[in-house]
Amino acid sequence: VDVAEPRRSSSTHVRLKALTEGSRWVVLIGPRVEAFHGEWLPALLEQVGRSGVAAASPKLLHPNGARAWAGADVGSASLWLEHAVHDVTELCAACIAVPRELVVSAEVPLDLAARAEFLSEQCAGWRKAGSRLIFTPFSVLYVHGANGELEASAPKLPGASRRKRIRSSIRS
Numbered sequence: 001v002d003v004a005e006p007r008r009s010s011s012t013h014v015r016l017k018a019l020t021e022g023s024r025w026v027v028l029i030g031p032r033v034e035a036f037h038g039e040w041l042p043a044l045l046e047q048v049g050r051s052g053v054a055a056a057s058p059k060l061l062h063p064n065g066a067r068a069w070a071g072a073d074v075g076s077a078s079l080w081l082e083h084a085v086h087d088v089t090e091l092c093a094a095c096i097a098v099p100r101e102l103v104v105s106a107e108v109p110l111d112l113a114a115r116a117e118f119l120s121e122q123c124a125g126w127r128k129a130g131s132r133l134i135f136t137p138f139s140v141l142y143v144h145g146a147n148g149e150l151e152a153s154a155p156k157l158p159g160a161s162r163r164k165r166i167r168s169s170i171r172s
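So the sequence shown is numbered by the working numbering: it starts at 1 and just counts up by one.
If you are wondering where the hints come from, they were derived from the structure by calculation, not from laboratory data.
Using N, Cα and C, we set each Cβ at its ideal position, and we do this for glycine too.
Please note that the accuracy of each hint is not assured.
Have a look at the derived ranges for each label pair, beta carbon to beta carbon [unchecked claim]:
| hint | residue 1 | residue 2 | range |
| --- | --- | --- | --- |
| 1 | Glu34 | Ala129 | 31 to 37 Å |
| 2 | Asn64 | Gly38 | 19 to 25 Å |
| 3 | Asp111 | Pro42 | 14 to 20 Å |
| 4 | Ala66 | Gly125 | 28 to 34 Å |
| 5 | Ala66 | Ser23 | 22 to 28 Å |
| 6 | Arg100 | Glu121 | 15 to 21 Å |
Take these sequences, add in the hints, and give me the full structure.
Right, here's the structure in full:
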């Protein structure tokens, strides 16, 4: 696996074509994501290499071990989902693996919030084309930084703003 990091420039986007010559997959990782064991990448690429899969994201933990993102709006009724490979409607921009041919001509935003919006549109297109989006708990990474930064990289699920309004009205 080749790893390439774009040089910092005044550009707000990175052209993937220059970074991915000869690569089979592209893995986009946010600046505050850290690997704490070497098996995260093979576990992630195993899922994205499956037939019909457009992209995959790993489980993200805070350094204290608390779940930061587990591939779904995991509630108490579906807590088992964070421990199983499963289809999701969107993936987290903090770390996503995709086959090269799906993004080779794309200009991916460097800003995490803009990348999340870009990937949300890409995920919708991939799903519409019949491809699957996969969460895998067997690839695990730490994410550092403020919760707001991770929230900016997390997918905007339908009803999420409604749940937020309900929570804030309960607190008021």
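Status of each hint after checking the structure:
For glutamate 34 paired with alanine 129, a C-beta distance near 33 Å keeps the hint of 31 to 37 Å intact. Between asparagine 64 and glycine 38 the C-beta distance comes to about 22 Å, which sits within the given range of 19 to 25 Å. Between aspartate 111 and proline 42 the Cβ separation comes to about 29 Å, which falls outside the hinted range of 14 to 20 Å. Between alanine 66 and glycine 125 the Cβ separation comes to about 32 Å, which falls inside the hinted range of 28 to 34 Å.
For alanine 66 and serine 23, the hinted distance range of 22 to 28 Å is not satisfied, since their beta carbons lie about 33 Å from each other. The beta-carbon spacing between arginine 100 and glutamate 121, approximately 19 Å, falls within the hinted interval of 15 to 21 Å.
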